[in-house]
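Student: Chain residues, written in single-letter form:
Number of protein chains: 2
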Amino acid sequence: MVVEILAVGTELLLGNIANTNAQYLSQKCATLGLSVYHHTVVGDNEKRMTDAIKRAMKRSDIIILTGGLGPTEDDITKEVCSKVMGFELVEDAHTKKRIAEHFKASGRKNVTENNWKQAVVPQGAKVLDNHNGTAPGLILEAEGKTAILLPGPPNELKPLFAEQVAPYLRSIQPETICSQIVKVCGIGESRAETMVLDMIDAQTNPTIATYAKTGEVHLRVTAKAENEEQAKKLLKPVVKELKKRFDINVYTTNEDENLEDVVVKLMKKHGLTVTTAESMTGGMLAGKIINVAGASECFKEGFITYSNKAKKKTLDVSKATLKKYGAVSEQTAKEMAKGGVFATDSDICVAVTGFAGPENTAEEPKGLVYISCYIKDKVFVKEFHFTGNRMKIREQAVVQALDLLRRCIIENYKSEK
Amino acid sequence: MVVEILAVGTELLLGNIANTNAQYLSQKCATLGLSVYHHTVVGDNEKRMTDAIKRAMKRSDIIILTGGLGPTEDDITKEVCSKVMGFELVEDAHTKKRIAEHFKASGRKNVTENNWKQAVVPQGAKVLDNHNGTAPGLILEAEGKTAILLPGPPNELKPLFAEQVAPYLRSIQPETICSQIVKVCGIGESRAETMVLDMIDAQTNPTIATYAKTGEVHLRVTAKAENEEQAKKLLKPVVKELKKRFDINVYTTNEDENLEDVVVKLMKKHGLTVTTAESMTGGMLAGKIINVAGASECFKEGFITYSNKAKKKTLDVSKATLKKYGAVSEQTAKEMAKGGVFATDSDICVAVTGFAGPENTAEEPKGLVYISCYIKDKVFVKEFHFTGNRMKIREQAVVQALDLLRRCIIENYKSEK
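Heads up: the sequence lines are chains A and B, in that order. Using the working numbering, read the first sequence as starting at 1 and increasing by one per residue. Using the working numbering, read the second sequence as starting at 1 and increasing by one per residue.
Since the hints were derived computationally from the structure, they do not count as laboratory data. Since this is a predicted model, take the numbers as computed values, not measurements. Honestly, I wouldn't trust all of these hints.
Put simply, identical chains are the same to the list, so a pair is met inside one copy or across any two.
[Stated by the list, open to error] Result set (DMTMM-like, lysine to aspartate or glutamate): computed pairs, CA atoms no more than 25 Å apart in a straight line: (1) LYS313 / ASP345; (2) LYS309 / ASP345; (3) LYS366 / GLU297; (4) LYS83 / GLU143; (5) LYS312 / ASP347; (6) LYS313 / ASP256; (7) LYS319 / GLU330; (8) LYS378 / GLU364; (9) LYS366 / GLU226; (10) LYS47 / GLU163; (11) LYS104 / GLU364; (12) LYS244 / GLU330; (13) LYS312 / GLU255; (14) LYS309 / ASP247.
Chain A with its partners taken away, still in its complex shape (with noise of 0.2 Å):
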């Protein structure tokens, strides 16, 4: 089945914002196995988003229309929609309660009567309850083809699309269709897709793609079947395979577990602290870390050492390590590991130190960063030559810290699984 995105708002158009609407339903649209070829964005305009849905409607099966739900005048992607699908226009009294409901909680005492235009649906339409808004989501079918309306805001169309939306869409599907992320880090994209070619070559269903992501690259495996045990069984034997290929550069096979979430996991695990020791990086290696919520069990305390007097003082890198080799080096890589163990008492630390521009010299050569992992009594140090601008090159620094960090635990308490 084909399904088209039409996004309505002048915001779009303007710039204020992008299209992460249109992004985030391609993506959930690929895992179901439903085919995108195209998206549209008009503002809130009449004339302009009746020609859109009619050309729509011919083209595609289905067609999802986010934003242009809510209470003022300019919101017309409802009154429109049903106009051209021949739907007449009701009070939903279960709607009109909830919004009643929604107003109480959040305390608002002064709703005005446009409010009340949300409650009013297309008569024979499927309501999704939205739980984080006033806007319901509807969906429509006319002759064949199927609508489907939701708000704007992401916080309020992300949860009705994977609680409401995607179950009906899975119910109209004539196939099942299952898919199973392998998410890989230190490895690049290019030498991923030589390593899983014969793979791809061979493919018919299940499906292998690869992305592309920061220092990462997920591969995501998806099978048709008539009923999702099938679906499943066919993705097994696909992920296993893909699992021995990749081996430890596998961080996880769960969609919504992260780098970060990984590494504090095996921490907590094992029952282990870690401190950061930040030149280049600057905070955001710690900062990844403690946005994992409950971070704060294994992370106690991190350094910035931006300076070498900073290095020096703080994590006791010597002079003549700094003197002979360079803040940049694999020498004061370690020895900004072992200092940030030492002063802090925790297990491990991390250390990142590099080049990140915007210069670009033979003396600071842009991109050459050393990470290093102190562990166990033992230290760790990779070598690595990112590309990029500045906030790249941190950011790829970033990834690969984490992803030492995950495997140096991995390594050394093997024996303590």
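Chain A is already provided as a structure; the job is to place chain B on it using the hints.
Tutor: Positioned in the frame of chain A, the structure of chain B alone reads:
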């Protein structure tokens, strides 16, 4: 004049990336006074691309196409657009030479035959040299319509647009458009709007538009006139009035400058050094400051004191304070900032402590944050109540910490202007 943005790329339809090019181009068009009524995305498919181009030609004056200019067989944007508009494709010696030079400079040896496809251009088109890649930009004019073809990678598209497309669009515009940004921090969007409501209500030319950013509000003033001088003359009194109304809350009127740039500039101007003492932001504040090139002059060292133990040991926060008021309190924030200055001998320290969630209890109200700044032997502290998820709360805290630092420097170094 009406512009339509047509992005080509399967990676957009699969949701691998968001259409940030459309956002960038829309913003730029708005600044140039051009109206954008449609965004469209199609894949590398001849039929759908042809339809999209023909439709855009009917309803718009200018169509900007992005993506699909690469060297592979899949890349067909140039071919399809030339066909629709009746252009012959011919090899361009100048572009061929540039591509050869590009490969030589990047040390690539195996230049395959298909790379020369990028040297083929529509006969009679304007060729825009791409300094960051091998696909040139192209401008095709026929029957009163213009197609502008740009490469998909943002790091190629943006400089091409800024340096060559924007001047072209200005040259074909009957009017000159000038705009000026006024960036405000420390005032919410609705309050900011209220403060200029009379100006917005009375506006015809120039116009004022407000844009909400995390912790900030940007006001864009746009004027149309016969020439640049007259447009700028129209802008001047409006910008002056905005600066007067928002006073110290305006941190810059420079398009390319963000809050951390301003803060680093201020510190450099007064020869100041700063340290950071972060709890819930966990290094994100330092990370922002260090992302400014040349920040090493004023930032030497920072601390992430996530645990109470670290706050005591590293920042000398007293046990009594932590016990009596808790880690998230005005008192602790103040002692953290003072401790940061004494630990590093810097001129200033900014400290952040708060509850980022996900828990939200009476004892630990999510979003309660204290930010303090120790400067010239005085300590300032502010209380905030942020909403949103864990990441959003931490991002807002970083913006407000930078803003407090900015205000404290301005207030305390007034006489040294």
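Student: Checking LYS313 and ASP345: alpha-carbon separation at most 25 Å within a copy, between copies, both or neither?
Tutor: So LYS313 and ASP345 pass the 25 Å test inside a copy (16 Å) and across (12 Å) alike.
Student: If the cut is 25 Å between Cα atoms, do LYS104 and GLU364 qualify within a copy, between copies, both or neither?
Tutor: between (60 Å within a copy, 24 Å between copies)
Student: Are the CA atoms of LYS312 and ASP347 at most 25 Å apart within a copy, between copies, both, or neither?
Tutor: Both ways: LYS312 and ASP347 sit 21 Å apart in one copy and 20 Å across, limit 25 Å.
Student: What label fits LYS366 with GLU297 when the C-alpha limit is 25 Å: within, between, both, or neither?
Tutor: Intra 35 Å, inter 18 Å, cutoff 25 Å: inter-copy only.
Student: Please work out whether the CA atoms of LYS378 and GLU364 approach to 25 Å or closer within one copy, between two copies, in both situations, or in neither?
Tutor: Answer is neither: 28 Å inside a copy and 39 Å across each miss the 25 Å cutoff.
Student: Given a CA cutoff of 25 Å, do LYS366 and GLU226 count as a within-copy pair, a between-copy pair, both, or neither?
Tutor: Classified as neither; 53 Å inside a copy, 46 Å across copies.
Student: Regarding LYS244 and GLU330, is the shortest C-alpha distance of 25 Å or less found within a copy, between copies, in both, or in neither?
Tutor: neither (32 Å within a copy, 53 Å between copies)
Student: Can you tell me if LYS312 and GLU255 fall within 25 Å by alpha carbon in one copy, between copies, both or neither?
Tutor: neither (42 Å within a copy, 39 Å between copies)
Student: At most 25 Å between alpha carbons: which applies to LYS309 and ASP247, within, between, both or neither?
Tutor: neither (41 Å within a copy, 39 Å between copies)
Student: For the identical chains here, do LYS313 and ASP256 meet the 25 Å Cα criterion within one copy, between copies, both, or neither?
Tutor: Intra 40 Å, inter 36 Å, cutoff 25 Å: neither.
Student: Check LYS47 against GLU163 for me: Cα-Cα at most 25 Å, and say if that holds within a copy, between copies, both or neither.
Tutor: neither (32 Å within a copy, 35 Å between copies)
Student: Can you tell me if LYS319 and GLU330 fall within 25 Å by alpha carbon in one copy, between copies, both or neither?
Tutor: Answer is within: at 15 Å inside a copy they meet the 25 Å cutoff, but 39 Å across does not.
The structure fails to meet hints 6, 8, 9, 10, 12, 13, 14 from the earlier list, while all remaining hints are met.
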